[in-house]
Structures are given as structure tokens and as C-alpha cells.
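Let's have the full structure, built from the sequences with the hints guiding it.
For the record, the sequence lines run as chains A and B. Going by this note's numbering, 20 is the number at position 9 of the first sequence; the sequence numbering is gapless. Going by this note's numbering, 428 is the number at position 253 of the second sequence; the sequence numbering is gapless.
Hints were generated in silico from the structure; no laboratory data involved. Note that the structure is a prediction, hence the values are computed from the model and not measured. Accuracy of the hints is not assured; some may be wrong.
[To be verified] Restricting the straight-line Cα-Cα distance to at most 30 angstroms, the calculated cross-link-like pairs of lysine-lysine (DSS-like) are:
#: 1; chain 1: B; residue 1: Lys390; chain 2: A; residue 2: Lys289
#: 2; chain 1: A; residue 1: Lys185; chain 2: A; residue 2: Lys221
#: 3; chain 1: A; residue 1: Lys463; chain 2: B; residue 2: Lys390
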Amino acid sequence: MTVMTKMKGFAAAAGLAATLLTGAASYAVADEVTLTMAVPDWPPTRIMKKFFDEQYKPKSGNTVKLDVDFIPWPDFYTRVNASLTSGEQKYNFIVSDSQWLGAFVEGGYYRKINDLLDADPEFKKTLMNIHPNPLNAYSTYPYKSENYYGFPQFPDVLVNYARKDIICNEEEQKNFQAKYGKKLPCTGEELDAMTWDDFKNVGEFFRRKKGEMLAGAPAEDDFYGIAFQAGKGYDFSSMQINGFIWQMGGNIWDETQAPTGQAEGVVNSPEAVAALEKYLSMLEYMPPVAKTGTMDIFKSDELFREGKVAMNIDWIGLGEASLDPKSSKVSDKLVFGQMPGTMGPDGKIIRWSNIGGQPFVLTTWTTDAQIKEAVEFVKWWLSDDIQHQFAAGGGQSAVKSVYEDPKYVTYRPWNRAWAPQLDWQKDVWHVPQFFELLTQQQDQFDLAITGKQDAKTTLDNIAKFQQEVLKSGGLIQ
Amino acid sequence: MNAPTATASPPPLTRIAPDNWKLAILVGVLVSLVAVLAAPAAVSFWIVGAMAALIAAAFAINAYRRKYYGGLLVAPAIAVLFVMNIFPLLWSLGLSFFAYQSNQQSIRFVGLANYVKVLTSELTATANWLALINTAIFVIFTVAAQMIVGFLLAMLFAKQFPLRKYLLILVLTPMMLSVVASGVFFTYYYDPTFGILSYVVNSLTGEQFVLMSTKLGAVTGIVFADAWMWSPFVMLLVLAGLVSVPKYLYEAAAIDRVSKWRQFWTITFPYIRGLLMLALLFRTIEAFKLADLVILLTKGGNDTMTISYHLIRIANEQNKTSEGAAISYIMLFMVIVLTNLYLYLANRRSQGA
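And the structure:
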């Protein structure tokens with residue numbers, strides 16, 4: 012290469028760089044708005060991104076880009092937490108578990124949206140069209156206050172996954188009837204009518220050793236009747252235990268009662284102890300991994316898809332894999348019902364359950380131009396048409412006009428259990444101390460699950476810890 | 176005339192010159208003090224940083240003018256070490272004396288309160304102590320297992336036998352695998368429904384076997400997985416020692432009809448003692464920081480919480496930054512004491528020999 016060509020090459024490169032730079036700059040003033048979003052990597056968020064790219068036409072005429080960071084679930088909290096606390100101000104939108112609201116609102120990261128709601132009646136109408144239980148869970152801090160922060164991304168509840176081929180088998184039906192004097196639930200409606208006692212019976216009834224007869228054929232492997240989450244990680248036992256406690260008349264520390272509401276005496280009330288005992292009494296009918304404290308929502312789902320259990324209580328969010336023959340041995344044998352409940356004194360089933368799913372929130376450093384587009388995007392996302400498409404593609408919708416549509420139950424087999432359960436959803440604490448409370452509680456529940464201590468001691472320890480932490484945080488007087 | 180070059184006298188304190196490092200230090204310290212006291216933290220941080228850079232530049236120019244080229248050559252390494260290593264270390268040491276949470280904006284000086292809290296507080300100290308005890312258990316058992324297995328493997332591979340080369344590669348594989356891969360592998364290995372271990376025990380005894388359901392089982396499971404991964408490391412070090420032993424010593428010993436046992440203690444062992452010590456040191460420090468396998472296999476359940484995992488939860492999940500810093504300094508202190516104890520013992524032995 013001669014000096015001359017070298018010079019030419021350099022000049023060309025510099026020219027290219029210059030055009031790129033000025034090009035990018037002029038592009039930006041021609042109203043291109045980029046919204047950066049942190050989301051967990053799973054189908055509901057992939058669908059959202061796909062819909063956006065294919066269908067979203069901003070009303071403002073600007074070019075709006077949605078720049079999405081897909082982060083694997085196990086790292087999700089750590090990555091979001093690190094991004095927020097480091098002050099890098101990278102994301103405009105963040106998918107957030109509802110429990111994180113308090114911690115990140117107090118940190119000054121999540122943006123309150125009341126002013127945006129007041130300024131845009133249509134936006135407010137869209138948000139108020141969401142069922143109040145998910146809205147409170149996903150959007151309010153303090154919980155059930157009028158301060159709004161988030162919008163549903165993927166709302167979720169616990170449902171009963173069941174194996175038709177096992178529970179509807181005539182032989183099993185007959186034997187169950189003979190043993191318990193009750194019909195073994197088979198259809199969705201019969202599953203809905205189950206109480207935890209029925210669930211426990213199913214567990215006891217379907218405990219089969221390898222080679223014993225199961226639904227007319229020898230079992231290929233040890234078989235178990237029931238499963239639900241009983242893992243030490245994240246919230247993989249609290250989310251189930253809370254439901255038991257609420258259904259049986261107990262309560263967790265109720266932040267809506269702060270600062271006069273107590274933890275001691277409430278968290279470890281006799282009702283709560285009885286509820287935890289009931290939860291623990293079912294573990295012996297579950298796959299043995301439950302004894303190790305590692306049966307989280309993913310493990311019980313895997314056991315169910317591998318055909319090792321008859322019924323599994325799990326989030327709808329994990330459902331798609333069980334319908335797919337590639338990842339599920341039971342894909343053509345499924346029936347879904349509501350999570351079992353507790354029979355109330357009036358003969359009606361009490362179904363309180365801990366809500367799952369995630370909202371997405373706006374961050375405080377989002378600029379006015381971005382906020383304008385963000386609001387339009389959220390209105391579009393929560394519009395009936397898109398919510399219908401989302402539900403049809405494997406999502407869930409908490410928008411009333413959508414889930415009340417008769418079409419809704421036809422999208423997925425579990426959708427029949429969706430709307431009736433929304434009335435029974437509550438959420439765990441939204442306070443900034445949530446992670447401290449959660450890890451201690453999970454550790455204690457794990458001790459109970461693995462048989463190291465009884466229900467009373469467990470809840471006493473939790474109550475004592477919560478009382479002290481919340482007292483020093485000023486949330487209990 | 177060579178006086179003004181190599182041995183030029185340093186400039187007096189008062190002269191303003193780029194190589195006057197004494198003046199640079201004085202100015203740097205004064206300006207930093209004023210900045211810290213007067214300016215908000217976000218501003219003073221950068222002023223102090225600029226002053227540090229100024230002093231460093233004065234040193235560099237001084238070294239250049241006086242031809243201390245050796246010093247100049249290591250300067251980049253020292254700069255990187257300072258920015259990436261020493262500064263964060265000192266910063267976190269500083270943080271451990273404040274009440275600070277990374278998700279809150281307030282910060283307040285509390286002296287030694289964090290240390291007192293993590294060691295004595297009724298609410299939190301128990302968990303710390305339990306985690307420390309568990310860590311000690313893991314250090315003792317994983318290191319012992321690795322040393323014994325690694326040593327025996329090295330003795331085996333020091334000899335020539337058919338297929339040795341291929342077997343050696345096979346034995347080294349666990350060390351090359353990522354911890355996550357090994358962790359997932361072992362969760363399935365120990366799984367009571369899908370795992371081969373429970374399957375084998377079950378078919379032998381006819382009873383259900385759940386390894387990870389007791390503390391003993393969980394500790395065994397983690398120790399086994401850790402030993403599986405890191406014994407090859409010990410083996411590699413010991414093997415390096417073994418092959419360095421001159422053959423003629425063994426030949427001489429054979430002529431003298433020295434027993435195999437004495438050959439080992441008088442010829443082999445002195446050659447590998449230093450490397451064994453090194454392996455012991457490395458593995459102890461690593462075992463002290465054990466968290467990955469615990470997270471993957473038990474999530475700290477069955478009383479297998481280690482101090483390192485506990486620290487991750489406190490500092491990264493609960494955002495209790497300064498409390499976490501206090502715990503990590505206590506850990507650092509312990510590791511330093513432990514390693515120095517090792518080194519002291521090793522030196523005493525070698526002097527005595």
C-alpha cells in the first residue's frame with residue numbers, strides 16, 4: 012500500500028464516520044424515540060416485543076423503537092437491582108415483580124404515574140378497566156393506596172394442572188369412590204370444587220410404587236398424586252403458603268394496617284399455624300424431592316411434564332411447556348381447574364391465593380418525550396385488541412372487557428380458571444424491606460418443609476423477626 | 176557535565192514545576208480536604224480523583240526527568256492495580272463504617288456499629304455465625320477430600336501405564352467444566368426421582384433414598400461435587416512435583432535397599448511438599464469463598480448456608496451494602512490469618528528439616 016492510497020483510505024474512513032455521526036444526530040432530531048426496557052426472557056415478553064415490532068404505529072408520527080433487554084429469569088432481580096442501584100439509568104421500562112415496588116420506589120427509581128393518569132383521561136380509563144385485585148397488586152405502593160406505578164405485563168394466578176388419563180380412569184374412579192366416599196374429580200368443574208382435603212386424598216390415593224397398577228397399566232416409575240411449590244429459593248414456598256393462611260382465616264403482616272398492625276400475634280396466630288400445618292401435611296404425598304427444599308415451581312412443573320404426578324399447583328406462566336408435545340409427555344392428557352380452596356362455614360369455598368405475574372413500570376429519569384410515547388405504548392398494549400391477541404398467543408389479560416369476552420376461555424385450556432380466581436387474589440408486602448422479610452421467611456419455611464422444626468416454631472420465628480425489622484423500619488409502632 | 180542529569184537534586188518544595196511531587200502531594204491533600212468538606216459528594220469525588228491523578232502525574236514526570244525508567248515501566252501496572260483493586264478495597268472498607276444501603280440515598284457515619292451488628296446483634300448475628308461454622312465444615316472436608324484424592328491421583332499418574340495420556344485428560348475434564356454445568360449435573364445426579372444415585376440405592380435396598388434431605392447428606396453431596404471438580408487441580412500441582420524428582424535418587428535408594436515407605440518420605444515428599452502446601456493454600460482460600468455449588472445444589476437449605484452465599488444475599492439482594500462490607504472484611508481478616516498461619520507452619524517445617 013502506497014502512502015497515497017493509505018491517505019485515501021483514511022480520508023474515506025473519516026468521511027464515512029462523519030456521515031454516520033451526523034446522520035445519527037439528524038435522525039435523532041427527526042423525532043426518533045427509543046424506549047429501553049428490561050424484561051425477563053420468556054414467552055410473554057417475547058410476544059410483547061413481537062407485537063410491538065409488527066403492529067405498533069405511534070399516533071404521534073414519531074419513530075418509536077422498543078429496545079428490549081431479555082434477561083434470564085434466575086438473574087433477573089440481580090441484574091435489575093444492579094442496574095438501578097448503580098445509577099446507570101439505562102432502562103425506561105422495567106418489568107418488576109410486584110413485591111419490588113416499595114424498595115425501588117423508595118430508592119427513587121420507579122416513577123409515580125398519577126400525574127400522567129390525571130392528564131390523560133383515556134389512559135386513566137384504560138388502567139381502571141383492569142380488575143382491582145391485579146391493579147392493586149401490580150400498581151400501588153403502599154399496597155392498596157391511590158399511588159399508581161405499574162401496568163400489567165403478564166398477570167398470573169395459581170391453577171391446578173391435572174392428568175385426565177389418570178384421574179378419569181374408570182378403575183381409579185371406582186376405587187377412589189369406595190375409599191373416600193366421594194367422586195374423584197375428573198372434569199374442570201369437578202377440579203374447581205376441590206378443597207385441600209380432597210387434594211390431600213388424591214395425593215394419598217395415587218401414591219404408587221414402580222410396577223403397581225396405575226390407571227390400568229403397571230406404573231413405569233414411582234408415581235405421586237400431588238405437587239406444589241415447596242422450595243427454598245426466592246418465593247417458592249411463600250406464594251403457596253400465603254394462600255393456605257388466608258383461606259384458613261389467618262393473615263400475613265398486613266401493610267395496609269401500618270403502623271398499628273402488628274406482626275407478632277398475627278403472623279403466628281393459631282389460624283396461621285393450622286394453615287401451615289395443613290400445607291406441611293401434604294408434602295409426604297409429593298415426589299421425594301419435596302423433602303430437600305428444592306421443589307420450586309420449575310421442579311414441580313418438570314415432574315408434572317415428565318408424568319410423575321397426577322396434579323400440580325403452579326403458575327399459568329409455566330403452562331405453555333406442558334401443552335407442547337416436545338417438552339411434555341402429558342401434553343394431550345391435560346385438564347385444568349382452579350386452585351383448591353377451603354370450605355367456609357356457609358358451604359362456599361374460600362379461595363384466597365397469592366397473585367403472581369409482573370407489572371412493568373416507568374423509571375424516574377425517562378424524559379418527557381419518552382414519557383409521551385411510553386403512555387401511548389401502554390394504552391396500545393392494554394387495548395382490547397392487543398390484549399386479545401396476547402391472550403391468544405399465550406399471555407393472560409387482567410382487562411375486564413377482555414377476560415369477560417366469551418372468546419377468552421377458548422384461547423387456552425386454563426383460561427376457564429382465570430376470571431373466577433381474580434376475585435380471590437391478594438398480594439404479599441410491597442414494603443422496601445420485602446427482600447429481607449422474604450429471605451428470612453423462606454429460610455424458616457424451608458426448615459419446616461425439610462422437617463427440622465414444627466409449624467408453630469417456624470411462624471413464631473418469622474413473626475419475631477418481622478416485628479423487629481418492621482419496628483426498626485418504622486412500619487410497626 | 177553529567178551532574179544535572181542523573182543526580183539532579185529534587186526541586187525545593189516551593190518551586191512550581193511539573194516534577195515537584197512534594198508540592199503536588201501537599202496541594203492534592205489540601206484541595207481534597209477542602210473539596211470533601213465543602214462540595215457535595217458527587218463533586219468532591221471527582222476532585223479527589225483529579226488530585227490523585229495530579230500526584231501520580233508529578234511522580235511520573237519526576238521519574239522521567241531523573242531517569243528512573245524502572246519505576247516508569249511498572250507505573251501502568253501500579254495504576255491499574257490501584258484503580259481496579261486497591262481503590263475499591265479501600266472504598267468498601269470506608270463504607271463498612273457507614274450506614275449505607277445501595278438502594279437508598281442517605282448515608283451516615285456509624286463507626287464500628289456494622290461490625291458490632293454482624294457479630295453480636297440478636298437478630299442477624301446468629302445467621303452469620305451459623306454460616307461461618309458451615310463454611311468451616313466445608314473448608315475442612317472439601318480441602319481434605321481434594322488433597323487426598325488429588326494426591327493419590329498424582330501418585331497414580333506419575334507412573335507410566337497404557338492409555339495414561341487419555342485418562343489424564345478425562346480426569347482433568349471436571350476442572351475445565353463451568354461450575355454451573357457441574358452444579359446442574361449434580362442436581363440431577365442427586366435428584367430422588369430422576370437421579371441415578373437414588374435409582375441405584377433404591378434398587379439395592381428397596382427403600383427410597385433422598386440424599387439431600389438431611390444436613391449430613393447435603394454436606395456430603397456438596398463436598399463430593401466440589402472434590403470432583405477440584406481434585407484434578409491438586410493432582411496437577413503434585414504431579415508437577417513428582418516428575419521433577421531425579422530418577423537417580425530412586426536408583427541409589429534401590430541399591431541401598433531402602434523401603435518404598437522411606438523412599439517416599441525421604442526422597443519424594445521433600446520435592447512435593449512445597450507444591451502440596453501451595454495446593455492447600457489455594458484450595459483453602461477458594462473453599463472459604465464457596466457459594467456457587469451451594470446455590471446450585473441446596474440454595475443454602477438443610478443448614479448448608481455458607482458465609483459467602485450469606486454475604487451475596489445481604490449485599491446484593493437486600494442491598495445492605497455497608498453491612499455486607501463489614502462481613503467481607505471479617506472474612507478477609509480470617510483468610511489472611513489462616514494463610515499466614517499456613518505459611519508460618521510451612522516455613523518452620525522447612526527450616527527445621
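Self-check item: Numbers of unmet hints, in rising order
Solution: none
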